[in-house]
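J.: Sequence:
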Amino acid sequence: MKFLRLLAHEIVLGTLIAVLSVFTAYVSYQGSIADSGQNENEVKAMQQLNDGNAEYLSANQFIVYDYTMYDGWYTTDSEDKAAYYEVNYSETLQNAIATDPENPFSDAYYEEMYASAYELWDQSDASSELAGQWDSRGDELQRVMLIVALGLAFAAWASLLKEESKMRLLFAVLAVVTLVAGVIIYLGVPIVAG
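For the sequence shown, the working numbering assigns the number 47 to the initial residue and increments by one for each residue that follows.
Since the hints were derived computationally from the structure, they do not count as laboratory data.
It cannot be assumed that every hint is accurate.
[To be verified] In silico SDA-like pairs for lysine to any residue, Cα to Cα no more than 20 Å straight-line:
#1 K127 / E137
#2 K208 / I63
#3 K127 / P147
#4 K90 / S174
#5 K208 / I57
#6 K208 / G60
#7 K90 / Q179
#8 K127 / V110
#9 K90 / D171
#10 K90 / V238
#11 K90 / S78
#12 K90 / L166
#13 K208 / H55
#14 K212 / M115
#15 K208 / Y113
#16 K127 / Y113
#17 K90 / M213
#18 K208 / R189
#19 K90 / L176
#20 K208 / V58
#21 K208 / E56
#22 K90 / V222
#23 K127 / Y116
#24 K90 / E175
#25 K127 / M115
#26 K208 / L220
#27 K90 / E165
#28 K90 / Y164
#29 K90 / A239
#30 K90 / A172
#31 K90 / K208
#32 K90 / A100
#33 K90 / G178
#34 K127 / D117
#35 K127 / I143
#36 K127 / T114
Quick caveat: nothing in here was measured; it's all calculated off a predicted structure.
Taking the hints into account, I'd like the entire structure generated from these sequences.
T.: Shown next, in the form of structure tokens:
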């Protein structure tokens, strides 16, 4: 019982208030870093998604142009016109014809035409995943901050009560319990790599 009474001593309560205050501020700072990481990666993901969509639409335009040029070449009966159409093929179509003249619009052609869009979409997915990890970290840090702020309130209330009060002892014990719980939960907060 003497040990428990020691928890209600002013120096112990003052130390608890200081430790809980610093820990709350530190966790709050870590939470703001997590929020910034989440926002940064969400914006990056949206930008990459938009860029990927623009690349996809651009690739569609080039594919339509290649089809138009190839169709013109296929249906013309003039050597001059055929040469004009062939010169205006995209480099991807020229390579596809060199690889397989019977099937220039193969899956490989489309994969190459859409490669830039697919790459940007993959980057967008990766950035979204990273934003989600930062969000999870921020949520856990908010939980830690709630617990240690509650502990800070317990320590503050304990310091206002008379030293003989049983409520002072109860609040002091609760402050220590919340500090320990906060540290344990903080140690389990996910770390974001990247």
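J.: Please work out if K90 and G178 have their alpha carbons no farther apart than 20 Å.
T.: 13 Å, holds
J.: Given the proposed pairing of K90 with V222, does the C-alpha separation stay at or below 20 Å?
T.: 42 Å, violated
J.: Between the alpha carbons of K127 and M115, is the straight-line distance 20 Å or under?
T.: Distance of about 10 Å is within 20 Å: holds.
J.: Within a Cα-Cα threshold of 20 Å, do K127 and Y113 meet the stated pairing?
T.: 15 Å, holds
J.: Hey, K90 versus A239, does the alpha-carbon distance stay inside 20 Å?
T.: 16 Å, holds
J.: Mind checking the alpha carbons of K127 and I143 for me, to see if they're no more than 20 Å apart?
T.: With Cα atoms ~18 Å apart, K127 and I143 stay inside 20 Å; holds.
J.: Is it true that the CA of K208 sits at most 20 Å from the CA of H55?
T.: 10 Å, holds
J.: Keeping to a limit of 20 Å between CA atoms, is the pair of K90 and Q179 held or broken?
T.: Status holds; Cα separation ~14 Å.
J.: Just to be careful, I want the Cα atoms of K208 and I63 compared with a cutoff of 20 Å; is the pair within it?
T.: 17 Å, holds
J.: Is K127 within 20 Å of P147, Cα to Cα?
T.: 19 Å, holds
J.: Taking 20 Å as the top limit, are the C-alpha atoms of K90 and E175 close enough?
T.: Distance of about 11 Å is within 20 Å: holds.
J.: Decide if the proposed pair is consistent with the structure: K90 and M213, CA atoms, cutoff 20 Å inclusive.
T.: 52 Å, violated
Hint compliance for this structure: hints 14, 15, 17, 18, 22 and 31 are broken, all remaining hints hold.
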